[in-house]
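Chemist: Respectively, the protein sequence lines represent chains A and B. Following this note's numbering, the numbering of the first sequence begins with 1199 at its first residue and continues without gaps. Following this note's numbering, the numbering of the second sequence begins with 2 at its first residue and continues without gaps.
Treat the hints with caution; some may be incorrect.
Said to hold, decoys possible - Cut-off 25 Å, straight-line C-alpha distance, at most; resulting in silico cross-link-like pairs (PhoX-like, lysine-lysine): (1) K1459/A x K1258/A; (2) K1416/A x K229/B; (3) K1258/A x K249/B; (4) K1360/A x K263/B; (5) K229/B x K1360/A.
Treat the hints as calculated values from the structure; they're not laboratory data.
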Amino acid sequence: MKFEGTKDYVATDDLRIAVNAAITLERPLLIKGEPGTGKTVLAEEMSKALDAELITWHIKSTTKAQQGLYEYDAVSRLRDSQLGDERVNDISNYIERGKLWESFEREKRPVLLIDEIDKADIEFPNDLLLELDRMEFFVYETGETIKAAQRPIVVITSNNEKELPDAFLRRCFFHYINFPDEETMKQIIAVHFPDLKGRLIQEALNVFYEIRDVPGLKKKPSTSELLDWLKLLLVEDISPENLKERDPSKLIPPLHGALLKNEQDVHLFERLAFLARRERN
Amino acid sequence: MFVNFFHELKSANVPVSLREYLTLLEAMDKKVIEDKVEDFYYLSRSALVKDERNLDKFDRVFSHVFKGLDSLEEGDIAQIPEEWLKSLTEKFLTEEEKAQIEALGGWEKIMEELQKRLEEQEKRHEGGNKWIGTGGTSPYGADGYNPEGVRIGQKEGRHGKAVKVWDKREYKNLDDGVELGTRNIKMALRRLRRFARHGQPTELDLDDTIKSTAHQGYLDIKMVPERKNKINVLIFFDIGGSMDSHIKLCEELFSAARTEFKNMEYFYFHNCLYEHVWKDNKRRHQERMETWDVLHKYPSDYKVIFVGDATMSPYEITYAGGSVEHWNEEPGAIWLERIQQIYESAIWLNPVAERHWEYTPSIQVIEQVFQDRMFPLTLEGLDNAMKELSRAS
């Protein structure tokens, strides 16, 4: 099992090695990086490339580690008992399996994505330590031990909103998805829009990196925003000449809404455009 | 295998543990990578570094430990005997020395000098800081450190890249204490969280309900109050004068603290805390509050944070009447001590870089008054400050 990137996903060397190390050593892979650099997409592409099922566990601020294992639905059991339902005698009818349990049961090694782990409570990762390490857990209600048939490939993404505990980090491989440089970016675009004219890409990239270089932007546009913007440019059929036009009155790139998501950033841009115009006069 | 590397990482304060080191060896054993130094770099980075803040440190250590791993081929760039330039010594300079060298002058000047020295020099030379050779701090020659240096004879590596991946130090700005944005500040402030259930019971406590129902034999519903962050924070900002140069940082800290702490109160003061504080800097002379009122109003479980550069004349702290703006009956130090008597946890955040502290007597005075609980306003400092605040309960 080796991951080499897919036709829809450009994996840099360092990413490939981190992924393969995690697969070979059966350790979780922790992915961090700027929003929009393809952290979640990586797991999807891994599952495609390795032909493994993808099981996604989205984490929210209210998610508890236990929910990934199983949940005991006490309320419906209580109700059933009052209605005299037969099901009530077997407690396992009220055990609901979590994503982790699901991934443990698969015959074929699946990819388990724990998405945005930092959203959960600070203690969340610690609560999963043993389960991810040994790939087994104990169900108190039925007294059985669930053990993974195949250790799933675990991919964990984090947006850095909370620090993760050291003990948890020690068990993972880590990869920080850096913002792609221009060369990698060209490859990424080629993968997504194979028929895009070369000149248009060049001009669009110039504009894009110029925007990223503007100091003081609240939210710098990221890869996924660039891809959206290119899609729009294609749909609107905007020519490279149009992009190239450095007429100060048109300093704001066409369809900038896809790149700048913040009102203040748009204002900042307009102000810069205004200054540029004044300089010329 | 790589024990040296492991120890170097440890001493460079990259938090690596034995377990991670063993993981790396296991990966080598299972042949995850081919025998390429780049691949090894990526693998070891992924196995040993778990936080992007440490990537830069890792790069530096890697480049240090594995220097010369792929042998360099000497080039014939200038007519200088090759053996002069063979790498024999390795010299690592302190930050200060680097800064000194940086001040040496521009590129053109250096090229001009080089020409001159080439004419003057005839023998092989090592070390020192003027002649061309190896390992020195002169801008000419190889392997030394000079950011404006001219490389002679040490040609780019085999792969045609002048700079190795780890030498690029792409992660430079992710290191702690360098850059501090609102987001980072929020992250650091989160350390100061203490959840507790307080007030009206509004949530169903399922576990307790089940337990109680089983116990009583009828449906007995139990409620609990919502979980809230019960930390209360009182922030005093120094404003005006020498603080103007730190205004951006303080704004960021303020907005981060504003969103992070639900119960946050802030007041402004100038230079040092005296008998008055105010909330609106424009109307500071009309609408000010007695400091005593503030101290009486907020109970002692508030965490107190002072933000200021503490840069003033020491008299402003230690003498009555020392204030630059008004006649103060009691010296500022008394007020600062009073705060600490009332509030168990109080700290001072200083936007001035820590290495400059020793040159300003007033900073030392305040540091003393605060019993060394003064922290620089960097990510690391903020982290330590929050640790200190959450320590005392």
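Chemist: All hints, please: hold or fail.
Modeler: Cross-check of the supplied hints:
no. : hint              : in the structure
1   : K1459/A x K1258/A : 23 Å, holds
2   : K1416/A x K229/B  : 29 Å, violated
3   : K1258/A x K249/B  : 33 Å, violated
4   : K1360/A x K263/B  : 18 Å, holds
5   : K229/B x K1360/A  : 17 Å, holds
Checked against the numbered hints given earlier, the structure breaks hints 2, 3 and satisfies all the rest.
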